[in-house]
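Trainee: Chain by chain, the residues:
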Amino acid sequence: MLLDALLLQLGYNATLVAIGAALLGTAAGITGTFLFLRKRALVSDAVSHATLPGVCIAFLVMVFLGGDGRNLAGLLLGSAVTAGIGLLCMNWLTRNTRLAEDAAIGAVLSVFFGLGIVLLTVIQTLGVGRQAGLEGFLLGSTAGMLYSDALVIAGGGAAALVMILLTRRPMTLVAFDPEYATARGLPVERIDMLMMGLVMAVTVVGLKIVGLILIVALLIIPAVTARFWTERSEHVVLLAGLFGGLSAYVGAALSASAPNLPTGPIIVLVSFAFFALSLFLAPNRGVLAAVLRHLKFQRRVHLRQGLLALAQGHAIYESLTLRLLRRAGLVRADGVATERGRARASKALRDERRWEVVRSDMAHEAAAALYDGLRDIETVLTQDQIQEIDRQIGGPHEVLS
Amino acid sequence: MSGEEFVPLSLTPMLIGIFAAVACALPGNFLLLRRQALIGDAISHVVLPGIVVAFLMTGMIAAWPMMLGAAGAAIVAVILIEAIRRLGRIEPGAAMGVVFTTMFAGGVLLLEQSDTSTVHLDVEHALYGNLESLIWLDAIGWSSLFDATALAQLPVELPRMALTLVGVCLFIALFWRALKISTFDEGFARTMGIRTNLLGLGLVITAAVAAVAAFDAVGSIIVIAMFICPPAAARMMTNRLEDQIGWSVLFAVLSAVLGYVLAGYGPLWLGASDAVSAAGMIATVSGVILGVAARFGPCRSRAGAPAGI
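As they're listed, the protein sequences go chains A and B. Residues in the first sequence are numbered from 1166 upward in steps of one, following my numbering. Residues in the second sequence are numbered from 16 upward in steps of one, following my numbering.
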């Protein structure tokens, strides 16, 4: 069943929904990256909650005009209008008052959502009886979706993607380095508005599939996931699109494969699974990599200290140090240094003396700044410089043993 | 309106609304100044999986297991956010977004997968509560306030919410000086020997307790609105923390009363026959108050800083 769903064998509508979700997820992932790099990830939360009153007003207007009231395009248009108003309110609050952005986000989010709920109850009490579809916008519902609805979603997702393709360069620049973009003469404010416009478009298109409470996840999680894997901004954008599209596609397919699997939450959970995997396994920024790096560092410190102790004839009691030295063949089982161990130890001690000279000599200031107790002196100074230092220290001494 | 009608039908919901609003607005003042305003938002989302898990484990809708489940979920969320922020070196806003959406999604999925059709537990209820249903049927008028048998039938949410409010007030009163110093100058607070980390955690836990108690009675939308809107409006009115808290309490009470009245009686005045959602209306009124304060408040702009920074 799941395989069928993944291979688009579950009927025409399910296929359309899966494709639409994938397009939407890709667009959301990419747009979210710009937001995330700009450190404004939660703005999307305010935008998405602000769509609710628009949906209700559009429904009321359409019913009032004698229409069906459930026309998806009309509802989405209404949601876009109030989302835009919410966005303007938020910008006005942060710019013209002393409120910080997070407070403005929270205020817009809660007030617009509250208004939307008032309107929802108005619709309920009007006795129109056809409002059941509206509650689907809270958490998304793809069950019983009309063919035309699926087309609207697939089309909207594709349109958002095209917009991103056209504006990716200035957007990347502004997201990554707004000061530089300003210096280059780019209209940063207008590009920011465009970015918000894209967020709005993604939110509005995603309402039906993911729902307004969870769409923010589709904007944030893929971007954060992608950030683990690379340090280059254009790669983050691409990867985020990939993660977003993949999780939306897999999520939509999963939810079509069995009953009682709501699409929105499943998509969010799938994208979180990608996030969790990346958090632990990503090279360089991942947790596993950090742990390995730490262990390696620890081993180097212990080995170094053990060698210095050997060179100065101190007994070693630290068990990890002893184990490491033994494994490297530098000491025997009874803790006495081997031939090679003595050589390495005297080298370590001598290096330490050389470093002392380097660090007390102003001429070597740049090299001395690199001293961390672990670095080999040969990686910092040339052979000539080391010989010069050795002349100051004097010839090699017998190792005490 | 006569006492016979007002006391049983409107007095208790109104009081619960007021208590919930004030209990959320008080810690909201500090959260706002500490740039943690969205914690209320995050908490109100993650409470859902906590409640669902508590329901699945006990198999019934009872107050205490649910409160415990919700509080547990809030604590798990705080730990997760902190862990993701540190381990992944991600900015706090994004870490919060990852955690609360995922936990909310998990809650919805659990709810859909389990058989909760026989009990009153659904997402809509969690979002906008049911303030209107908390009526006091045994009351017959103002005299019932002195009638022990009638008082025993008060909705349990009322004493619980009152207790929460007292707890929140106590926390703020006890730690007033430390809270004030650490909110405005954390470094200075640390040099004075105040454990700022613990205090910050205590504040978040207080906020979580207020949110969970209010959530149970009035739904999450009031919780988010009351954490932010009254303190934000109060911030436009004054530069002094004491005054700000006073204003925020005033605004919270005003939103609760006005919102409840408008939701209950507004449609009747307009000729419609049914009331609209009180929770939504309270949030809307608080937004209107914030809008007015942001436009006309005496201290609305940043002092000493150019606009746009």
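If you're looking for bench data, these hints aren't it; they were derived computationally from the structure. Take these hints with a grain of salt, some might be off.
The list that follows gives simulated cross-link-like pairs (lysine to any residue, SDA-like), each with its CA atoms no further than 25 Å apart [stated by the list, open to error]:
no.: 1; chain 1: A; residue 1: Lys1204; chain 2: B; residue 2: Gly215
no.: 2; chain 1: A; residue 1: Lys1461; chain 2: A; residue 2: Ala1438
no.: 3; chain 1: A; residue 1: Lys1204; chain 2: B; residue 2: Ile94
no.: 4; chain 1: A; residue 1: Lys1512; chain 2: A; residue 2: Gln1548
no.: 5; chain 1: B; residue 1: Lys195; chain 2: A; residue 2: Arg1263
no.: 6; chain 1: A; residue 1: Lys1204; chain 2: A; residue 2: Ala1238
no.: 7; chain 1: A; residue 1: Lys1512; chain 2: A; residue 2: Arg1469
no.: 8; chain 1: A; residue 1: Lys1204; chain 2: B; residue 2: Leu48
no.: 9; chain 1: A; residue 1: Lys1204; chain 2: B; residue 2: Glu97
no.: 10; chain 1: A; residue 1: Lys1461; chain 2: B; residue 2: Arg100
no.: 11; chain 1: A; residue 1: Lys1204; chain 2: B; residue 2: Arg205
no.: 12; chain 1: A; residue 1: Lys1204; chain 2: B; residue 2: Arg104
no.: 13; chain 1: A; residue 1: Lys1461; chain 2: A; residue 2: Ala1480
no.: 14; chain 1: A; residue 1: Lys1204; chain 2: A; residue 2: Ala1498
no.: 15; chain 1: A; residue 1: Lys1461; chain 2: B; residue 2: Arg101
no.: 16; chain 1: A; residue 1: Lys1461; chain 2: A; residue 2: Phe1445
no.: 17; chain 1: A; residue 1: Lys1204; chain 2: A; residue 2: Ile1222
no.: 18; chain 1: A; residue 1: Lys1204; chain 2: A; residue 2: Asp1342
no.: 19; chain 1: A; residue 1: Lys1204; chain 2: B; residue 2: Glu20
Every value quoted in this text rests on a predicted model; they were computed, and no experiment measured them.
Trainee: Could you tell me which of the numbered hints above are not met by this structure, giving the numbers in increasing order?
Mentor: When the structure is compared with the hints, numbers 2, 6, 11, 14, 17, 19 turn out to be violated.
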